[in-house]
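Trainee: Letter by letter, the chains look like this.
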Amino acid sequence: MPHAVETQSLTRIFRPKKKKEGSVVTALDSVDLRIERGELFGVLGPNGAGKTTLLKILSTLLLPTSGKAYVAGLDVEKDLTAVRERINMVSGGEISGYGLLTVRENLWMFSQFYGIKSKEAHARIEELLARFGLSSKAKAKVRTLSTGERQKMNVIRGFVTNPEIVFLDEPTLGLDVNAARAVRDFVMDWVQSDRNRTVLLTTHYMMEADELCDRIAIIDGGKILACDTPNNLKKTVKMNTTLTLSVYGLGGINGFDNIPGLNSYTSYKDVESGTTKLRFVLEDESCVSEIVSEVVSKGSRIMSLQKTEPTLEDVFIKLVGRGLA
Amino acid sequence: MTESYLLKNLRAVRGRAYPRLIGSTREPSWFIFDVILPLFTIAGYAYVYKFLDARAELIGYVVLGGAMTAFWLNILWSMASQLYWEKEIGNLPLYLMAPISRMSILAGMAVGGLFETTIQAAMTLAIGAIAFNVVFSLASPVMLIVVFVVTMIALYGMGMMFASLYLLLGREAYHLSALMMEPVYFASGFYFPVKHLGFWAAAGASIIPITLGLDALRQIIFPGGTEDAFLSLNTEVALLSGLCVVFMILSRYALRYMEYLGKTTGRLTLRWQ
Chain A
1 MPHAVETQSL
11 TRIFRPKKKK
21 EGSVVTALDS
31 VDLRIERGEL
41 FGVLGPNGAG
51 KTTLLKILST
61 LLLPTSGKAY
71 VAGLDVEKDL
81 TAVRERINMV
91 SGGEISGYGL
101 LTVRENLWMF
111 SQFYGIKSKE
121 AHARIEELLA
131 RFGLSSKAKA
141 KVRTLSTGER
151 QKMNVIRGFV
161 TNPEIVFLDE
171 PTLGLDVNAA
181 RAVRDFVMDW
191 VQSDRNRTVL
201 LTTHYMMEAD
211 ELCDRIAIID
221 GGKILACDTP
231 NNLKKTVKMN
241 TTLTLSVYGL
251 GGINGFDNIP
261 GLNSYTSYKD
271 VESGTTKLRF
281 VLEDESCVSE
291 IVSEVVSKGS
301 RIMSLQKTEP
311 TLEDVFIKLV
321 GRGLA
Chain B
1 MTESYLLKNL
11 RAVRGRAYPR
21 LIGSTREPSW
31 FIFDVILPLF
41 TIAGYAYVYK
51 FLDARAELIG
61 YVVLGGAMTA
71 FWLNILWSMA
81 SQLYWEKEIG
91 NLPLYLMAPI
101 SRMSILAGMA
111 VGGLFETTIQ
121 AAMTLAIGAI
131 AFNVVFSLAS
141 PVMLIVVFVV
151 TMIALYGMGM
161 MFASLYLLLG
171 REAYHLSALM
181 MEPVYFASGF
191 YFPVKHLGFW
201 AAAGASIIPI
211 TLGLDALRQI
221 IFPGGTEDAF
231 LSLNTEVALL
241 SGLCVVFMIL
251 SRYALRYMEY
261 LGKTTGRLTL
271 RWQ
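Each protein sequence line maps, in turn, to chains A and B. If you read the first sequence in our numbering, its first letter stands for residue 1, the second for the next number, and so on. If you read the second sequence in our numbering, its first letter stands for residue 1, the second for the next number, and so on.
No lab work stands behind these hints: they were computed from the structure. Careful, some of the hints might be misleading.
To be verified - Selected chain A positions facing chain B (in silico; Cβ < 8 Å): (1) ILE95; (2) TYR114; (3) LEU262.
What the hints assert, rightly or not - Computed list of chain A residues with no C-beta within reach of chain B, every gap over 10 Å: (4) LYS141; (5) MET188; (6) LYS234; (7) VAL292; (8) LYS298.
The beta-carbon is built from N, C-alpha and C at its ideal position, and this holds for glycine as well.
Based on the provided sequences and hints, a complete structural model is requested.
Mentor: Next up, the structure:
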């Protein structure tokens, strides 16, 4: 079975019409990607990194300058209709549709561009409206919706055509916590419910990419700097894991010296509360259980425990040289 | 073309026509703006003809011409400008990404626009006819339908072609629309028989299908219509049929060119381009 998405040396260069209008922009520079079916694949990068350009090429809206791109094994430059039948796209901050139509009518209208029978389209629309808690808004005019409701409607629009591959371009941009959570949960469930379904997600949000994606490509200046699972990406950052314990009634700290895999530790006793704060720098994370056993064996009580690991942000800063914010 | 592809495109036409079909029921203000306001212009010309003691047909021509302005306005502001609007509000990429012919989207816009505008024009015509005692003498209902249909196909074909061209012009296209209102009312003979402009001027204006369509309709529904005709009815129907083919082909090419240019430069789907 072909890859859901494959690019080979994909390059896109934007040239200004006149020299006065700016310089040549290389939006994508020899991008090689292979996304398996059933994957929820993330593309993480700052503004202008080339994320949207990549999605536009894959969704047949833009031609590459050189290189090749395939969606479901089909050439995005030659097999246009066949590619389009298999995909859909949702962008963050999208204001598509017509304000005087109701939510239900708007979704139905877009489903008609994919040739879906009205009865089938309405059944899918009702199901998705219920899934997003928008059933009560089905008859509301689109122009009366809040930003979150509107984006939920946009997400439904992208999925109502039952695509094989969905491109999500920062789908939670500007959404409040609940609306963003609803979108993320839906996307996760959608991919997991069928191994043939694939999502390519571009995002600014590290947490979103970390939580949702099976693999992540970090892109900057049109180049893929790294591509792996979130955990493997984090392992590339040479940063020790730290373990912080808040302990009540700690008798002594001598026992920690001989625990293998422990790099160093510090302690701070708060006389007023009677608790001791212990901070361990770990070389090997497997020593966590021994540290906890040592604390408990001294008759102490663990009040809190916190493990700090490298984050995707650390990976991003290491690769790109700056944060996303 | 497979049957399923045809069916898919027919569904797309219906889908895109829907907002226009339903739009008039949602915003009843159209009755004031699109039916009542044109009656003031009609009344102005009608009173001038009355004051001059002109033939009764001339007032009929004015009422018919005034009603037909709705179609020209619909072409300029709701067909030609529409793809530009769709780009601005973010619908255009979704249309271009759909697995259908782009002509189906334009056809849907045209069908929906034609339907709502026909209702508006019919109401203006009816109110104008009652107000100014216009006498109709329908020679051939079949011919009336034939002329109306070919005029509309040619006219909306022109609108479909404009839609792509306007998209390339961007915001400047609005000036073009404004520029094409009053001069076309004059050149196409909306309020007088176009033959009085002289043969070559009328022939030049005939590139706009409503010129010939209006002239042909006047020949069919007014007793003295043939006396004021620019060309014979059959010639006008033949020319209009030719314009239908020409504009449909040109609109298809314009759309393909626009899409190719958009995919090459990114101007249609990337906001920063």
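Trainee: Hint by hint, note whether the structure agrees.
Mentor: So, going through the hints one by one against the coordinates:
no.	hint	result
1	ILE95	holds, 5 Å
2	TYR114	holds, 6 Å
3	LEU262	violated, 52 Å
4	LYS141	violated, 8 Å
5	MET188	holds, 24 Å
6	LYS234	holds, 33 Å
7	VAL292	holds, 53 Å
8	LYS298	holds, 62 Å
In this structure, the earlier hints numbered 3, 4 are contradicted, and the remaining ones agree with it.
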